[in-house]
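Student: The residues making up each chain are set out below.
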Amino acid sequence: MKVDRRSFLGLGLGAVAGIAVSPVGIKLTDDSSIWTQNWPWTPVPVDGEVSYESSVCSLCPGSCGISVRKIGDRPVKIEGLAGHPINDGGACLHGIAGLQYLYDPSRVKTPLKKNGNTFEAISWEDAISLVAAKLADIRNSNAPERLAGIMDKDLGSVSALFKRFFNTFGSPNIYTLPTLESNLQATAATVHGKGQTIAFDLENADFVLSFGAGLIEGWGSPVNGFKANASRKERHAKLYQIEPRLSNTAANADKWIPVKPGTEADLALAMCAVILKKKLFDSKAVANFKGGVNKLNALLQKTYAPSKMAETTGVKSSDIDTIATLFAKAKMPVAVFGKGRGDGAQSLKELVAVHTLNCLVGNINKKGGAFVQPETAYLEFPAESMDSIATDGLTKAKAGRYAHQVFEKINAASQPVVEALFVYNANPCYTLHGADNIKKALGKIPFVVSFSSFLDETAKQADIILPIHTFVERLEDVPSCAGLAKSVVGLTKPVSPPIFDTKNPGDAIILIAKALEGDIAQSFEWDSYDDCLESVTPGIWDDLSEEGVAVISEGIPTGSVAVNVSFLADNPATVQAQGDDSLTLIPIDNMRLPSAGTAASPFAVKTVSDTILKGTDSVVEINPLTARGLEDRGYATLTTPMGTARVRVNLNEGMMPGVIGMVEGLGHDFDNKYVSNKGTNINDLIGPVIESGSGLDAAFGIKAKISKA
Amino acid sequence: MFPFNFEWAWDIAHVVFFGGFWYAIGILGAGMTFCILKAAYDTMKGNGASDH
Amino acid sequence: MKQENNKAHKFGMVIDLDKCTGCGSCMVSCMSENNVPFKEDESNKKDSITWMRVYKITNGKSFPDTEIVYLPRPCQHCGGKGDHGHSPCVSVCPATATDYGYDTGIVSQIYTRCFGCRYCMGACPYHARYFNWWDPKWPEGMENYLSPNVSPRMRGVVEKCSFCYHRYQAARDKAYVDGRDDIEEQEYQTACTTACPAGAIVFGDLNNPAHAVHQIVKPDPHPDPRNKHIVGKSRNPNVFRLLERLGTNPKVYYLSEREWVRKAGDNYLEGEWDEIKNHHGSSSHD
Amino acid sequence: MDSALIPEGAKRCSFPKFAIGIAIVGAVLLWGVYAMFLCWFKGLNQTNMNDYYGFALWIWADLAVIAVGGGAFFTGLLKYIFKVDELKNIINFAVIIGFICYSSALLILAIDIGQPLRGWFIFWHANVHSMLTEVAFCLSCYFAVLTIEFIPNILENRQVNRVPFFHHLAHNMHGVMAIFAATGAFLSFFHQGSLGGVAGVMFGRPFAVREGLLIWPWTFFLFTWSAAAFGPCFTLLVAKITETITGKKLVKDNVVHLLAKISGWMITTYIIAKIIDTIYWATVTIPSLGFKLSHFYTNNSFYGYWILITEVVLCGVVPGALLIIKSTRENPTLRLIAIVLGVIGVCLNRWVMVLQIMAVPVMSFDTWALYIPSWQEIATTILPVAYGIILIAITYRYLPVFPQEQELNSIEPATEAE
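Chains as they are written, first to last, in our numbering: chain H, 1 to 709; chain C, 1 to 52; chain W, 1 to 286; chain A, 1 to 418.
Calculated directly from the structure, the hints in this document are not laboratory data. Since the structure is predicted, the reported quantities are computational estimates derived from the model, not experimental observations. Glycine included, each C-beta is placed from N, C-alpha and C at the ideal position. Check each hint, because a few of them may be wrong.
[Unchecked claim] Quick look at which bits of chain C chain A covers, simulated, 3 or more residues with Cβ under 8 Å:
| no. | stretch |
| --- | --- |
| 1 | 1 to 10 |
| 2 | 19 to 28 |
| 3 | 32 to 45 |
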């Protein structure tokens, strides 16, 4: 048949009409929509049996109890553990987002060895033998003190294992980074004597005078702080917050007293002067003070009278008088110290001056006051086995009082001061002031071993990285600390099998010790860290393993506490900010960003306001009066003696004029696009200022200038 | 859209709305059917393309 | 639909703004409970999916009289004018992809039915609705923490807070297995409520006088004599709702002892606030 | 080479010239099509819309083309129902413009929705309480009507008309066109109205919300009215543009004057209603919600009172007055100014009722949200314009669109263009 144009047209139209009335179209339409409802690239979570496991979060010193919801083997959600003595159900955003750390594909997945500028994966056996070989060399050269170590804290059995390792190795050079707990211990040591720590009974105090302590910004045990703060409303307890910025704590407080940055110690002393002058102190308590109360009083009345301190601190002398009086007359007052989170740079003068207020009103070891108690001790290790190299090594002087001094020494020296460095759970290349100098110092150390879950700033400087379990994968004892009124030990449990080829840090150090053989190996005779933990916690293991938590002490500590005021009576100098510019740059602690070495989780970063981080720029807070010529959200160049940063500006009436605030916890530079390369690390812009006497880095800020970019 | 869709309810809103809708569809459908059938009829009856 | 008991629930929330610290736990708890995705840059808050968003509000005064308050904003689960269930979004959704549960008072969102017209987003004055502008992507391996209780949303649909409806379903299922008619107050709590470390969020059934929310809110059973569209106004002088005057009838109430905070919850003409502020439901004017 | 397709007795430009013109506009069209596929395959992240601007440029374009496309239903209504017979000379063109506008609107909607493959859920799972449902149903049905109205014109093509069946079909369709037109007017009334209702029912948005009659807010009636009023302006404007480009007079002045007069009276009555509505809204509706008028027009870098004054006075009162006064109406320049202002006015009204609603903060602590469209949005918005030009060019070339063309151009054909 000849197909002419017309019949072709007819056939075509017929076919179209046929298809149109057939179910093909409807079927295709339906199928395509069903396809969009099941796009293969949109994940479908696997279902399974639901179970809950209790554990403890060790992301921060808070030591909160957590409940991990699991579907089959896989943890899917972290929540606060109801009934836990510290957090009773509440949880902070970092803990809740903890699984983003666990499953993070940018974790260190296997042991790594640096090869030029890159890392290559090696086996655990190779990694341990490389480390052991290097350490053996150091010992063979009879200079065991040239092994240094840095840990995040000096608490719990893993830290104890590291210390034990250093002891048996023969090096006194093991350091912790400044934490609230270390600052509390330093304060207690100065006022009450060594081996003690201070806690604050915030749940009961009826007048909290906080010298910049970010009680709801991550200070101490954050969730506990939130709870204590929230309970103020029902208890009708007052909170007076002293700091240069309208922080969340200040905003939540009954009164915000703006103070010039770095003059908190002066203000506290002025209040002491008022209390002494008006005889508002607890005479019974003060009668037992040692170290020259009269000398101190004379100094305070002469140098720190409110009239003299008004100009210095920016607080009216009448206000100083009123607040000091309110504080002294309150039934259960407590003065809290530790600016921001209380970690990082702090001045001992300030800490002691504020604590002296507590001592003066006699609230030590009283309900609602400050608790002075011995440091938590529950670990019972067997005696160490020491060889002669170890005993000799331990007699050598430490390379510095604190970690930053060691780094300074390394940078200054032409000879190697440290041959090898262990870094455990710490990120000094990010958290210490003048972070660039720390990196430089690490570069000068021939052999750096990092025990880390993440390839953070410090791990990137390491020669060997030993990947460790996250808190979701490991067993560990987690003692509470950080100013908590009760002392408990929680047990972190491996609720998830290890996602990658990682180990418990305790196991890593045991393996290294065993590889070194001899006395060191003998001191680490456990089969595994898990065995070790059980054997060194004989008093509480039953509670720990069954309840997940052991209460060491709670309630008001008994017994009298000595008070010595000689430190203040000698009138230590107040630390000044470095530089000559007219403005002062201060760090802001924000609950949604951890200031410690670990970067925030993607979820936490997502919650960060656009007045803190915009795109990849840090946004600095500045009072409109100070920000002449700067536009809100506009770009600016921020310059300090340490460096320059391009930032954006947030005109903020809650900022004291003359002060620039910049959030801590941004500006990480490692390979994780969700949390890194965002904003500026303020520790690059601030340099350390060492407080004479205490040796602490007390740089509360730095002088700065800002101009339109 | 149809009474067998599970959102459907025999309430005033559905009756008015879909009443109007099906009414309009009905008119258009009937009108077009009429035109097409009539055109086919006209085509078969006459064969010129002249009258207008 | 058959209900467990004769009386319909009306789930609602009270958030104590004096206790809220702006810590962000509720936001993250919500994200991890509900499989909310994240992307590289979340600093543009206008395209950042946060079912629970915490606003920072200031009193607008200069230093040192400035004050700030944080206001967590989940979906308000509006009952619409007269609380008849015609919430601003439900009434406009052309495809019945968002619906009002008359037995719970919860505004649902059916992701597989939403075709992404975004009319509901335009209709919502609280910006509680979010569009999936991008395909949700989790870094390799991170999809392992996704919960099977809430399906991840595909690109091109709107999502929002569901008052953790899956938790209600789970609680109801459990009650059914236990042979109980109804669930207990503590059995059904949203992820933000349980996470809040300050205990600032209280959740429960506004229709149940035994529940804490009811006791705090003391909802007025009568329509507001000033505006008949407003139902369930709180008789607690410190409690307010966001944009109550629009007649959206949210089921999220806020509590604050600070007057400027309560005033910030709605819009007032000059002088109007002083007239209105002491009006707390119909009974206060009897 | 395509002379066999060109209407008998009509002069058209040479095919190469026509082809070049089409190619140029076609390039723009392809740019738009490229952007369209980007949006479909990569998603709406290609736009600058966000969670504050769920409705943006496209929805404005959608409402605007439907408003200016209103000329089709209103002219049809006048022609077939009210028997205003002169309008038969422009009805074909009005229908084509309507067809272009409505097909564009449907295309834009298909790009705008996040899940185009599920777009039919709006019918299948219809929520009859939603104004958008009403829009979708009436829009699609009315598009069917426009297609039906357009078909006879297509069938009048010289070659097609030779087929007896098509000839008879065209004839029969003309015969029952009044019924189709009536249905079209009914559908148009509701979808134009429901497009207005889309804004007016948003009681969470004080800038949009209006009181009304039964379930229909006042914007429902204002939108229908304004589409009927300004639609003919657009028909006249496009006819004028076509005349300019072809260099031929295509519609007699008396037809133009009549349509302009009707439009003028519609605009005038509409704008009175609009002014009353605005005053009522400003003095009764929004104060009851706690807002002052200034809230909507200050504290931002774009939306000021100027937009209100431009829309209502400059592009409403002025064209209305120009078109109802005989002397100005019959002055070609002033008439052109009036219809241009009118078209701008109705587009501005749709802009305000879509974008300004999204921009205005409602919560006391919220801020104004402004947005700048991405190039993909702009390209896809220009796409219908290019498509419209091409379709008009083709229909003009091959179909007897203007019944008066031969009469008006019988003596001496002027210079030709596409």
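Student: Mind checking, does the stretch 1 to 10 of chain C have 3 or more residues with a CB under 8 Å from chain A?
Tutor: Answer holds; 3 residues pass the 8 Å Cβ test.
Student: Count residues of the stretch 32 to 45 of chain C with a Cβ under 8 Å from any Cβ of chain A, then say if the count reaches three.
Tutor: Holds: 9 residues of the stretch 32 to 45 of chain C have a Cβ under 8 Å from chain A.
Student: Per the coverage rule (Cβ-Cβ under 8 Å, at least three residues), is the stretch 19 to 28 of chain C covered by chain A?
Tutor: holds (count 6)
In terms of the numbered hints stated before, the structure departs from none.
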